[in-house]
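Peer 1: Residue 1 is where the sequence shown starts when you use the UniProt record's numbering, and the numbers rise one by one after that.
Quick caveat, the hints were computed from the structure, so don't treat them as lab data.
Note that the structure is predicted; figures quoted are calculated from it, not measured.
Mixed in with the good hints there might be a few duds.
Distance ranges between label pairs, derived from CB positions [said to hold, decoys possible]:
1) Val69 with Ile104: 16 to 22 Å
2) Val60 with Val96: 18 to 24 Å
3) Asp56 with Glu124: 24 to 30 Å
4) Asp64 with Thr132: 29 to 35 Å
Using N, Cα and C, we set each Cβ at its ideal position, and we do this for glycine too.
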Amino acid sequence: MKAFVLGLGFVLLGVQGTYAQQKGGSAAPAKTALVEQQIRKLSQDKWRWMAERKADTLAVLFDDKAMFVHMGGSWGKKQELDVIRSGSIHYKQADVEETSVQIIDNTAILLSKIRLLAVLGGNEVTNPFIVTEVYVREKGKWKLGSLSFTKLLTP
């Protein structure tokens, strides 16, 4: 009889532990989904600010150590803001076709397939890209740490 009661106790503890894991595990996906939504919104805002050439607004978003990789080279925050201010690259319109977000601790990696209409040297050009955006959360705020364009070979 003692063995039966002891065995029943272990079964109940196991069921309680399983329930606790399921209950605790459900909050994490909800939090992750909320963060993914925030990152997607921040990316959309960034594209709009770039199209509107809001360099001062972008300066707040871009981390001081941010890196930008383009077809014609790579550079840091100051150079990217100078490019936007001068209009030497005008990110006129980014049509985002699909996105995915991965969260790793305080880092968010957003991949977007876009068709970018830009003005370069006075000429309008449209190119398909996969864009990688890396965001890092510091003091509760997301900062852009890297923006890289990879041109797609297919239209």
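Peer 1: For every hint, state whether the structure bears it out.
Peer 2: Hint check:
Hint check: Val69 to Ile104, Cβ distance near 20 Å, so the stated range 16 to 22 Å holds. The hint said 18 to 24 Å for the Cβ distance between Val60 and Val96, and at roughly 22 Å that hint holds. Taking the beta carbon of each, Asp56 and Glu124 are about 25 Å apart, inside 24 to 30 Å as hinted. The hint said 29 to 35 Å for the Cβ distance between Asp64 and Thr132, and at roughly 20 Å that hint is violated.
In this structure, only the earlier hint numbered 4 is contradicted, and the remaining ones agree with it.
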